[in-house]
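A.B. asks: Under the working numbering, think of the first position of the sequence shown as 1, with each following residue one higher.
Read the hints as simulated data drawn from the structure, not as lab findings.
Careful, some of the hints might be misleading.
What the hints assert, rightly or not - Have a look at the derived ranges for each label pair, beta carbon to beta carbon:
no., residue 1, residue 2, range
1, 134, 103, 36 to 46 angstroms
2, 203, 154, 34 to 44 angstroms
3, 218, 139, 13 to 23 angstroms
4, 115, 165, 19 to 29 angstroms
5, 126, 235, 39 to 49 angstroms
6, 97, 72, 37 to 47 angstroms
7, 127, 97, 45 to 55 angstroms
Stated by the list, open to error - Under the rule of at most 25 angstroms between Cα atoms (straight-line distance), these lysine-lysine pairs were calculated in the DSS-like manner:
no., residue 1, residue 2
8, 177, 117
9, 177, 130
10, 130, 117
11, 77, 137
12, 235, 77
13, 78, 235
Ideal Cβ positions, reconstructed from N, Cα and C, are used throughout, including at glycine.
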Amino acid sequence: MNWVNLLLFVALTLPACKTKITSGMSREVFEGSLTYLVYNENAASHSKKTASVPTDTLRISIHGNCYLIETCNTVHKKVLLYRGDENRLYSMYSSGEDVYCTLFDASIDEQFAQTGKATQVHSVDSTFVKNNRTCRKLLIYTENNRLSYYYSPGFLPANPEAFEEHFMAALSTCLMKSNCWPVAVENTDSTGQTSYYELIQTNFLTLPEQIFIPPVLIPADELQPPGIGTKQLYKVIKHK
């Protein structure tokens with residue numbers, strides 16, 4: 001499963017800007033942090049009953065034209081940082097005592113560039129109850145994943161103009177279509193494994209710009225893992 005695409009169900013960003021982080025929006029939108037419990041289904045049973053114990057917690061922090069996604073409870077912590085002024089994604093993960101980073105150009109739809117197949121997004125003409133809220137659902141089909149995106153209209157509003165330059169990942173498209181952050185997400189990969197994300201905490205606050213500062217990197221060409229393609233791997237020597 002592509003961890004970058006899996007976590008990219010958050011992308012509240014302004015169009016790529018040329019100056020510092022900006023908080024100005026054309027209308028009131030959510031700013032702060034969202035916390036989701038993560039469950040993983042047993043692929044053989046195809047029942048959420050096998051995923052009753054959370055496997056992780058995912059926290060999303062949003063400020064102006066930047067966002068930060070962090071897995072909270074895993075031994076090998078993962079972090080995804082988006083900078084709107086650069087239109088770049090920094091995908092960071094730990095390995096032992098070291099931290100590595102892969103840079104992505106968010107203006108490129110990697111699936112379309114590699115396969116010529118566009119992501120399919122469909123609105124479901126039904127309502128669903130998630131976390132005691134009436135929700136609508138988007139169905140998203142990518143090359144390797146099927147994603148159900150549940151949102152409650154008017155709750156946790158996003159800015160649709162924020163994605164004019166952010167073409168990477170189907171979940172950015174979700175926010176453009178729904179204009180809202182998700183209440184719940186279900187993601188099934190090509191092996192049949194399903195991950196569930198359930199919103200458990202919402203914090204409305206202005207976050208410090210310091211937590212969105214990009215890491216200081218050095219090339220790690222000798223550690224380039226198989227299958228990473230043309231993406232450059234870096235070693236993080238300083239973050240926050």
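A.B. asks: So, for every hint listed, does it hold in this structure?
C.D. replies: Quick rundown of the hints versus the structure:
Judged by the Cβ atoms, the range 36 to 46 angstroms given for residue 134 and residue 103 holds: they are separated by roughly 40 angstroms. Taken as a hint, the range 34 to 44 angstroms is violated for the pair residue 203 and residue 154, whose Cβ atoms sit roughly 19 angstroms apart. Under the hint 13 to 23 angstroms, the C-beta atoms of residue 218 and residue 139, about 42 angstroms apart, miss the expected range. Taking 19 to 29 angstroms as the suggested C-beta distance range, the pair residue 115 and residue 165 conforms, at roughly 22 angstroms.
Between residue 126 and residue 235 the beta carbon distance is about 48 angstroms. The supplied range of 39 to 49 angstroms therefore holds. Between residue 97 and residue 72 the C-beta distance comes to about 20 angstroms, which lies outside the given range of 37 to 47 angstroms. Distance hint check for residue 127 and residue 97: the Cβ-Cβ separation is about 49 angstroms, which falls inside the suggested range of 45 to 55 angstroms. Our distance criterion of 25 angstroms between C-alpha atoms is met by residue 177 and residue 117, whose separation comes to about 19 angstroms.
Using a Cα cut-off of 25 angstroms, the hinted pair residue 177 and residue 130 holds, with the two alpha carbons roughly 19 angstroms apart. The straight-line distance between the Cα atoms of residue 130 and residue 117 is roughly 31 angstroms, outside the 25 angstroms bound, and the hint therefore fails. For the hint pairing residue 77 with residue 137, the CA-to-CA distance comes to about 30 angstroms; that exceeds 25 angstroms, so the pair is violated. Of the supplied pair hints, the one linking residue 235 and residue 77 holds, its CA atoms being roughly 15 angstroms apart against a limit of 25 angstroms.
Between the alpha carbons of residue 78 and residue 235 the distance comes to roughly 14 angstroms, so the proposed pair stays at or under 25 angstroms and holds.
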